[in-house]
Amino acid sequence: MAAVAGRTYPAVRFEIEPERVAGFARAIGADPDDGVPPTFAAVYSLGVTALHLFGDEEAAVDFSRLLHAEQEFEWTRHPRVGETVVSRGRVASDISRRGMRFVSFETDTTDSKGAPVCRSRALFVIRS
Amino acid sequence: MTERRVTFTREQIAAYADASGDQNPIHLDDDFARSVGLPGVIAHGMLQMGILATVAAEEVGGPSRLRRISVRFAGMVEPGDTVTFTASRAADERLELTALNQKGEAVLTKSTTEIA
Numbered sequence: 001m002a003a004v005a006g007r008t009y010p011a012v013r014f015e016i017e018p019e020r021v022a023g024f025a026r027a028i029g030a031d032p033d034d035g036v037p038p039t040f041a042a043v044y045s046l047g048v049t050a051l052h053l054f055g056d057e058e059a060a061v062d063f064s065r066l067l068h069a070e071q072e073f074e075w076t077r078h079p080r081v082g083e084t085v086v087s088r089g090r091v092a093s094d095i096s097r098r099g100m101r102f103v104s105f106e107t108d109t110t111d112s113k114g115a116p117v118c119r120s121r122a123l124f125v126i127r128s
Numbered sequence: 001m002t003e004r005r006v007t008f009t010r011e012q013i014a015a016y017a018d019a020s021g022d023q024n025p026i027h028l029d030d031d032f033a034r035s036v037g038l039p040g041v042i043a044h045g046m047l048q049m050g051i052l053a054t055v056a057a058e059e060v061g062g063p064s065r066l067r068r069i070s071v072r073f074a075g076m077v078e079p080g081d082t083v084t085f086t087a088s089r090a091a092d093e094r095l096e097l098t099a100l101n102q103k104g105e106a107v108l109t110k111s112t113t114e115i116a
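Chains as they are written, first to last, in our numbering: chain A, 1 to 128; chain B, 1 to 116.
Keep in mind the hints are simulated off the structure, nothing from the lab.
One thing to keep in mind: the hints can contain errors.
Think about it this way: if two alpha-carbon atoms lie no more than 20 Å apart in a straight line, the pair counts; the simulated DMTMM-like pairs of lysine to aspartate or glutamate are [what the hints assert, rightly or not]: (1) A:K113 / A:E72; (2) B:K110 / B:E59; (3) B:K110 / B:E93; (4) B:K110 / B:E96; (5) A:K113 / A:D34; (6) B:K110 / A:E70; (7) B:K103 / B:D81; (8) B:K110 / A:E106; (9) B:K103 / B:E78; (10) B:K103 / B:E3; (11) B:K110 / A:E72; (12) B:K110 / A:E74.
Beyond 12 Å from chain A on every Cβ pair, some chain B residues (computed) [stated by the list, open to error]: (13) D22; (14) S70; (15) R89; (16) A91; (17) Q102.
Only a predicted model underlies this, so the values are computations on that prediction, with no experimental measurement involved.
For every residue, glycine included, the Cβ atom is placed at its ideal position computed from N, Cα and C.
Whenever a hint applies, use it, and build me the whole structure from the sequences.
Below you can see the structure in the form of C-alpha cells.
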C-alpha cells in the first residue's frame with residue numbers, strides 16, 4: 001500500500017446523454033422531466049474519475065474492501081442534459097490509521113469552456 | 001416537510017447499478033458480498049443519497065436550487081429494508097434531512113445542504 005496524497009489524474013470528458021439521465025432519474029425515483037438529477041454527479045464527476053484511482057496500481061486501492069464513507073457535492077450550477085462536462089480527480093489526502101486507510105478523493109468538474117460546474121468530495125475507507 | 005418511504009429491492013439496486021455504472025459486486029452478488037464480510041448484497045450509498053437529494057429538491061421547489069449536499073453513509077441498507085427519507089425547512093434556508101430505517105436507525109447521518 002502506497003500513500004498517494006496529492007496525486008492527480010487526467011481530465012475525463014463526459015457527455016450527459018438524455019437516455020442515461022432518464023434511466024438514472026427513474027432508478028432514484030426522480031422525475032425524468034426535471035433535468036439532470038443533482039446526484040447524477042455520482043456519474044459525470046465522481047464516477048468517471050474514481051475509475052482512475054481504482055485502476056491506479058501504485059495507489060493499490062482494494063476495491064473489494066472499499067467503503068464509501070462520506071460524500072459531498074457542491075455545484076456552481078447544474079449541468080444541462082446534452083452538455084459535455086470535463087472532470088479531473090485528485091487524491092486530497094491518504095492516511096492510514098489502526099488498520100484502516102482513509103482516502104479523500106476530490107473531483108472538479110467544469111463545462112467544456114472550463115467554467116466550474118461541480119466539486120465532488122468523497123471519503124473512501126479501505127479495511128485491511 | 002417532504003417525506004418518501006422506500007422499501008429497497010434487489011431490482012432497484014440492480015437498476016441503480018446499471019444507471020450509475022457502479023457494478024461493484026457487493027451490490028449485486030450475495031456470495032461475493034458475504035465473502036467480504038457483508039450480510040449479503042447492500043444498496044449503494046449513492047442510491048440512498050440520490051433519493052435523499054430528490055426529496056430535498058422537492059422540498060425546496062426543484063433540483064436547480066440545491067447548491068451543496070453532503071452525507072455520511074452510516075448504516076447498511078439491505079433488500080427488504082424500509083428507509084424513510086425526510087427533508088424539512090429549518091431556519092436560515094437550511095434543510096433538515098433524515099434517513100431512518102424501519103428500526104429507527106439513521107442510515108445517513110451528518111446530512112447537510114445549502115440552497116440557492
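Against the structure, the hints come out as follows:
1. A:K113 / A:E72: 24 Å, violated
2. B:K110 / B:E59: 18 Å, holds
3. B:K110 / B:E93: 17 Å, holds
4. B:K110 / B:E96: This hinted pair holds, its Cα atoms lying about 10 Å apart.
5. A:K113 / A:D34: 24 Å, violated
6. B:K110 / A:E70: The hint holds at about 9 Å.
7. B:K103 / B:D81: 9 Å, holds
8. B:K110 / A:E106: Given pair K110 (chain B), E106 (chain A) holds - Cα atoms ~19 Å apart, limit 20 Å.
9. B:K103 / B:E78: 13 Å, holds
10. B:K103 / B:E3: 17 Å, holds
11. B:K110 / A:E72: 11 Å, holds
12. B:K110 / A:E74: 16 Å, holds
13. D22: At about 7 Å from chain A, D22 (chain B) fails to clear the 12 Å cut-off, so the statement is violated.
14. S70: Per Cβ check, S70 (chain B) is inside 12 Å of chain A; nearest 3 Å; violated.
15. R89: R89 (chain B) is indeed farther than 12 Å from all Cβ atoms of chain A, at 18 Å.
16. A91: 21 Å, holds
17. Q102: 18 Å, holds
Checked against the numbered hints given earlier, the structure breaks hints 1, 5, 13 and 14 and satisfies all the rest.
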